[in-house]
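Protein chains: 4
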Amino acid sequence: MPKQSFSQMLTDIDTIIKQQVIPLEPLFLSQQWEQLYQQMDQIRLQVKAQGLWAPNLPDSVGGMSLSIRQLGQISEVTGQSPLGHYCFGCQAPDAGNAELLHMYANEYIKTNFLLPLAQGEIRSCFAMTEPHTAGSNPTLLDTSAELIDGQWVINGRKWFTTAADGANFTIVMAVTDPDAPKHLRASMIIVPLDNPGYQNLRNIPVMGHSGSGYYSHSEIEFKNCKVPANHLIGEQGQGFKMAQQRLGPGRIHHCMRWIGIANRCFDLMCQHVLQRQITPTSTLADQPVIQTKIAESYAAINASRCLVMETAKIIDEQGFDAAKHHISMIKFEAANMLQLVVNHALQSMGALGMTDDSIIAFFYREERAARIYDGPDEVHKLSLAKSLLKKYL
Amino acid sequence: MPKQSFSQMLTDIDTIIKQQVIPLEPLFLSQQWEQLYQQMDQIRLQVKAQGLWAPNLPDSVGGMSLSIRQLGQISEVTGQSPLGHYCFGCQAPDAGNAELLHMYANEYIKTNFLLPLAQGEIRSCFAMTEPHTAGSNPTLLDTSAELIDGQWVINGRKWFTTAADGANFTIVMAVTDPDAPKHLRASMIIVPLDNPGYQNLRNIPVMGHSGSGYYSHSEIEFKNCKVPANHLIGEQGQGFKMAQQRLGPGRIHHCMRWIGIANRCFDLMCQHVLQRQITPTSTLADQPVIQTKIAESYAAINASRCLVMETAKIIDEQGFDAAKHHISMIKFEAANMLQLVVNHALQSMGALGMTDDSIIAFFYREERAARIYDGPDEVHKLSLAKSLLKKYL
Amino acid sequence: MPKQSFSQMLTDIDTIIKQQVIPLEPLFLSQQWEQLYQQMDQIRLQVKAQGLWAPNLPDSVGGMSLSIRQLGQISEVTGQSPLGHYCFGCQAPDAGNAELLHMYANEYIKTNFLLPLAQGEIRSCFAMTEPHTAGSNPTLLDTSAELIDGQWVINGRKWFTTAADGANFTIVMAVTDPDAPKHLRASMIIVPLDNPGYQNLRNIPVMGHSGSGYYSHSEIEFKNCKVPANHLIGEQGQGFKMAQQRLGPGRIHHCMRWIGIANRCFDLMCQHVLQRQITPTSTLADQPVIQTKIAESYAAINASRCLVMETAKIIDEQGFDAAKHHISMIKFEAANMLQLVVNHALQSMGALGMTDDSIIAFFYREERAARIYDGPDEVHKLSLAKSLLKKYL
Amino acid sequence: MPKQSFSQMLTDIDTIIKQQVIPLEPLFLSQQWEQLYQQMDQIRLQVKAQGLWAPNLPDSVGGMSLSIRQLGQISEVTGQSPLGHYCFGCQAPDAGNAELLHMYANEYIKTNFLLPLAQGEIRSCFAMTEPHTAGSNPTLLDTSAELIDGQWVINGRKWFTTAADGANFTIVMAVTDPDAPKHLRASMIIVPLDNPGYQNLRNIPVMGHSGSGYYSHSEIEFKNCKVPANHLIGEQGQGFKMAQQRLGPGRIHHCMRWIGIANRCFDLMCQHVLQRQITPTSTLADQPVIQTKIAESYAAINASRCLVMETAKIIDEQGFDAAKHHISMIKFEAANMLQLVVNHALQSMGALGMTDDSIIAFFYREERAARIYDGPDEVHKLSLAKSLLKKYL
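Protein chains in written order, with the numbering used here: chain B, 29 to 421; chain E, 29 to 421; chain X, 29 to 421; chain L, 29 to 421.
Hints are not guaranteed to be accurate.
Put simply, identical chains are the same to the list, so a pair is met inside one copy or across any two.
[What the hints assert, rightly or not] Here are the simulated DSS-like cross-link-like pairs (lysine-lysine), alpha carbons at most 30 angstroms apart as the crow flies: (1) K76 with K210; (2) K76 with K418; (3) K352 with K46; (4) K352 with K341; (5) K419 with K46.
Bear in mind the hints are in silico, worked out from the structure with no lab data behind them.
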């Protein structure tokens, strides 16, 4: 895509986010789900009409051949609202799932799952994390899939399966080769969620809410859940490798989304302090202790953006392997930037920052997870350091 | 009270908190208000029967003549659960209101408001903070009360009026002497909440929830709200002075409550990491990065407790004025300790820490307010420093 | 310069730094000045012979027309040793002075001062900071220069005049127009240091040492110090504007130098922990608490480098004004990164980190100044925030 | 000692520190050792005359039977100057050595070493840390002592042997029982330093200086160094146990000394900002960003002092074992408080803070070691956490 038109595209997306998506947030914050989804569906139609739908999609299913850097920039813009990615059809985990199916799935899966997913007709989820085993250690994975009589028989429990509520299918990570070397034990299998062997046990209450539909995280169970053999994605035993593969663009997606959130909080903080009178002749914006928070937030956001965009550049130009250290590094760097900025913004808003009259309180509680999911800070730091130290041996 | 029996009292309270109060938290977290209040009422009866009710109360209304230090120690124990103070009848703002009425109110008010309050028959609230003026600057207070024909006519809007929902009366802070020196402009007046000039506009949604009953924060309005002249508390124009007075024991109460919360989070963190398997032969507790969080939390909690207890000692032995710097200092010191410990605990729990399966997520989001209410960190730091610097002039 | 050869140039510089410059550091740390300067002079000759001398210089005096980005990259490499910039003839304040004279000085000054300076035959200094006035507030500048009988008569005291000891001339900032608007009061004037009206009062002991020659910071005095009228640089009253101008490339120079220091500390930390045995079968490098420091340092360094290089890019492509916010932001961002990394490195070295057996202790104490000179963190944050807030009005 | 007279004693010590000791610091900072020691000797005479000498000493050698808490309070006062403890004869490592000899040494040692030490006639040192083994792991101790023909033959190398330069004897920790359980392998032996088998290899340059006399840290060597069998302190194999024993009061001593340093920095910061003009009508003290540093420093100092004094109280009332967690905790808590306060003070002083015109720069560089010696932060945190976690099993 020519530079000119991409820049226009970013502007168009930003306009929709600011003028149409953000005004829906009060419905979201007050859990008026039905009305919310109805109105978001309207926006989705318009987004499709404007040719802005699912910018992340692979070419073959109607995508735009954007670079990782460009996808990152879009994610920053849509990330300003928790409703943004959904409205533009590039929300996790569907985005990652689509890319995965595009790369590895057989024709049957592509036709029956990828196509309707790409068109936004159905939603999907990704069942990897388990309640009783540490995600950071694949050898502990409990969920199993056995090939019996031409069918995968799946047993196990998963949680934090984002958006399972209302999804049409899930990709499940299960141990298929228990005796293989530990990184070759698991495979990915597609399970339609109307399967009688599948059950959504509950939408987990997260930070006070169980959510609904796309905005939820479920605990789910597979009990002798049977799917045909051709529901295997890619090759048997390649589950971890594909999960790793899925991680790269997803990392950029998330980190840039966090930067979008930080931008939004920064804007709200600046707007608030300018209008908050504290003496007859001055506002909070005149207070050096507030100015300090603004400057620190701005520097943190910009440093993170530069680092994440450099990571995207390395991926675009040299591939994922060359970006390995960067992909690990931006996870904790950007997540901590986010926590800093959200905290500064909330504190600057005073009591208002605690209320749902502003979106900041939502970001504060919900995005705390940024330092945990896809590997907590601590795990990324240790693995990054070990890898870096090898260069000094 | 003899030292021995006070120590026994602490143990008794701790037992009730651990065995009866904490088990009710799931009702609280899932907003099953009716069932929750019913069960808490049962505990209140038992607490009264055991002679543990309202330890903070003034002597004349059935109190125990405890020192500020002892009240602080009780607050640390009841603070372990968000339900603790309520079950023991020493919850804010009722506790502070009772003390205030005890010290300053006329007999009419004592008989009609203080007595039933002390016995836990009714609840009260305290209407000070306003949505459109900075609480830190009293000259900006908007709400007014005019004495017309022997009645106070009150007009204005307040918010973050904790526990207004279901309260029987409020103490309202209003400007009665607009032309007086700025710290002598306001007075405190009692308003029964069935007054037609009073309206509870909404329970403010805070961190995702509007709450209910005692567990709520309201935005309220006074429109030509009339109460008899004898509803004035203390002397006219003494509002700020009494508010200041109310602050000292309240500060110890809150800081020790935060330490109780930190203790709870610390316990949950230690218990979790010991049982969370990460390899077949080790748990999270074996991880040095987790151990570091545990040690830092422990040191922070203990340093805060020592500092708050020293503050209480100074108040007990030398009075509030002598403790002025300490009262200001512990506000931000303990609030930041709390944020540190809650964050460490949440991070150590991993994904579980984000869920309402543990109470930590509640503390994380709700107690963020500790750094804001009763004066944000920033305001306390500046005023403390200005006062300290005077000694060097 | 073609990309290929610039990359080769960086490699060549790095080789000299690592193989010849760093081995001289023990002389530096033990204050064996004579021997040190003698050996550095040898390296300078070789640097000139290899065509690597003074890469920062303006074209007209033998420079290489490098971009700000390229100069930044060189500064990162030479910054690895406190001796690096001097050996390559691009040390502050000479580098900034040369650029300033190149842009603003008359032919007389260029011939007599700029040329020998550019060739490394003489050294210079820059006298701006005063002991008794706040550098952040130009209206407080005390030093004055009056034009009397065709001569500037200068009076005043300066300190932290880096490298005054042994310098041939200084550029002095003095008030020439006391009644002009405050940013138009000062001018820059060249003073040869053999002037009888000039005195070097002392090399200020900084962090335990008074230093010597280039490596020193002096307190100096002008007492009826007379220089010819044509020693004025640029136009009268343009002192602050030129100082501002001087700042942009200087900022990149310093920030990239700090990144070079951070790289050096990072290398030393990694090397040390890998060889420091703590049990018969493991080293410090196996300790997760050390790994955490390594990962955090790496992320901080990379984020800073990205941000500083983006700043350089904006300067190169859009000029200084467009980079105003960035130039302010990188000052405190990079200085704090440096403090973090040096602290992590020192702590990882244990007792060795406190000794002069490693260069880290030097960086720890000496580069603490990074957060102070050219405007302390606090000043940059406030001015950045004020500027950012204007966009929200 | 009666409370009244102890309080008077503290005042007397403070007066001497402020009026006589602090004025000698310029000699110290400019390494005018001879003049410095001469003048300190004068103060020591006066201190003895006033009956304030060596307050820490055991009763039997002229001590005052002070509690650990009281010793802590004295250490806070003398700690205000790096010269304080020496002038009052209670400097480490002599203080700890005296206590150790008092508790464990035989009569021969007491007469020949303890008595002159207690009277300040000679100085001693304590040789434990080794350059090539991790102090945190006793099994790695290299230095050995073999009993041959009634003599201990000692071989090994030590470093960071504080005050070895000019000391009369050292206590050396050496492996005497290599095959014993690892905590029973080492013993303590007294070595007079005129022994031909002993050599002071160098005063280690620490943060730019090798120091002199008491103010130095040496690298020393024992080569077939022979001393009589009765130079053994206590029982063979009890080295680690005695070292542990020595640690408790030493920890209070050091932590309170750090608080004294922090007090000093706090005073200097407040005094400086009040007189540093930044506009014609205001000083640095009017800047909220400075006030914030002052308030944070004050809170940190007070929290630390409370925690350390509580530790001393537990030791006094319940003994060392009961204070085990506290003794570990205050090490890193107080050391980090110190780093925070010194950093805040230095930053508030601006460029002046980097110079030796103020003592802050010395504290900044020299006391960085607080987070390293006697076990780095990291080691204390891990061991504290492991011990705390046992309570949750």
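Among the hints numbered above, which are violated by the structure, and what are their numbers in rising order? Violated: hints 1, 2.
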